[in-house]
Amino acid sequence: MAAGLVLVATAPNAVVLGVGLFVSGVCASAGAQLSTLAGEHAAPQHRGRALGTLTAGISAGILLGRILGGTMAEQFGWRHTLLVVAAACVAVGGTALGALPRAEVHASERYGSVLRSMPMLLRSDRCLRIAATSGALWFFAFSLVWVSVSLALSLPPLNLSPAAVGLYSLAGLTGILATRCAGTLADRYGSPRVILVGLALAVVCAITMIFSLQLTPVLLVSLALFDAGLFATQVANQSRVPSLDPARPARFNSTYIAVYFVGGAAGTAVGGSLVSWIGWPGAAGVAAAAITAAALVTGLARQDSIDWSHEPEQDVR
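Going by the working numbering, the sequence shown opens with residue 1, and the numbers climb by one from there.
Bear in mind the hints are in silico, worked out from the structure with no lab data behind them.
Be careful, since some hints might not be right.
Here are the in silico distance ranges between beta carbons for each label pair [stated by the list, open to error]: (1) Gly-299 to Val-84: 39 to 49 Å; (2) Arg-102 to Asn-159: 47 to 57 Å; (3) Gly-299 to Arg-79: 42 to 52 Å; (4) Gly-299 to Thr-10: 18 to 28 Å; (5) Ala-247 to Gln-75: 24 to 34 Å; (6) Gly-299 to Pro-12: 23 to 33 Å; (7) Ala-96 to Arg-251: 19 to 29 Å; (8) Gln-214 to Pro-101: 43 to 53 Å; (9) Gly-272 to Val-26: 30 to 40 Å; (10) Thr-184 to Val-16: 42 to 52 Å; (11) Gly-94 to Ala-60: 39 to 49 Å.
Glycine included, each C-beta is placed from N, C-alpha and C at the ideal position.
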């Protein structure tokens with residue numbers, strides 16, 4: 001990832017820039033892969049809490065990245081900012097080598113075969129499809145909102161600087177607190193309840209944000225609760241994925257994460273265009289619709305009596 005960021009920071013043309021972005025983007029999945037480790041090493045009855053702690057750390061990184069990134073880009077330019085991030089990646093990578101548990105890997109299949117099996121898992125396992133589809137929908141909404149609101153705040157009539165826009169990310173502190181609580185609640189009451197409550201909170205906030213771009217206190221509170229709802233939902237949803245097949249938790253989790261990030265990438269890709277085409281209210285409305293769709297997917301699964309009971313030691317398919 002550090003190499004990709006250096007390539008982006010020093011890119012002389014669009015081709016090199018694209019290659020660097022691709023490399024850094026692929027390697028950025030390392031953070032998401034930590035959830036597999038957490039799921040494998042945590043006791044089944046504490047899996048939600050473990051994933052909540054991990055997600056809290058990821059949330060803190062997202063929050064600090066927005067704030068520091070905006071400030072540094074304004075002061076030193078985006079190229080120098082990326083070089084600093086590349087150095088941080090090297091430091092974190094070195095720390096991880098010493099801190100993470102070492103495990104012997106006995107691969108019975110080639111990597112390409114594993115990748116080809118992921119679509120088959122989605123086709124054959126309905127519970128995985130439901131979890132991945134709903135996750136992709138709300139990550140689409142999450143990415144869409146943050147890309148869109150950053151752009152909308154920088155345009156007239158507000159014309160905020162990158163540093164000022166970054167400060168709006170302080171609202172994400174609530175999301176960090178919610179991840180810890182959500183993991184514990186998912187362990188105690190089951191994932192579906194936490195998911196539906198989180199989605200209900202997020203969709204109300206998305207609708208509120210349609211009308212509150214220039215009402216700073218209302219927008220900040222809405223962003224805070226929006227993040228809290230979706231981060232809580234993510235922890236509760238992902239905590240149940242390893243239980244779908246205790247013999248292959250890593251493969252199931254990787255399949256889930258792949259679909260999840262496709263949704264997030266789509267939200268990031270269309271966020272700016274939606275603000276240009278239909279304005280901030282339209283973009284927030286699209287996010288609300290996506291979250292509503294995720295809630296419908298989860299709710300219909302409950303009505304069909306799919307076994308989402310929080311019993312990780314059993315195969316619930």
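Hints versus structure:
no. : hint                           : result
1   : Gly-299 to Val-84: 39 to 49 Å  : 44 Å, holds
2   : Arg-102 to Asn-159: 47 to 57 Å : 51 Å, holds
3   : Gly-299 to Arg-79: 42 to 52 Å  : 47 Å, holds
4   : Gly-299 to Thr-10: 18 to 28 Å  : 49 Å, violated
5   : Ala-247 to Gln-75: 24 to 34 Å  : 51 Å, violated
6   : Gly-299 to Pro-12: 23 to 33 Å  : 51 Å, violated
7   : Ala-96 to Arg-251: 19 to 29 Å  : 22 Å, holds
8   : Gln-214 to Pro-101: 43 to 53 Å : 49 Å, holds
9   : Gly-272 to Val-26: 30 to 40 Å  : 22 Å, violated
10  : Thr-184 to Val-16: 42 to 52 Å  : 46 Å, holds
11  : Gly-94 to Ala-60: 39 to 49 Å   : 20 Å, violated
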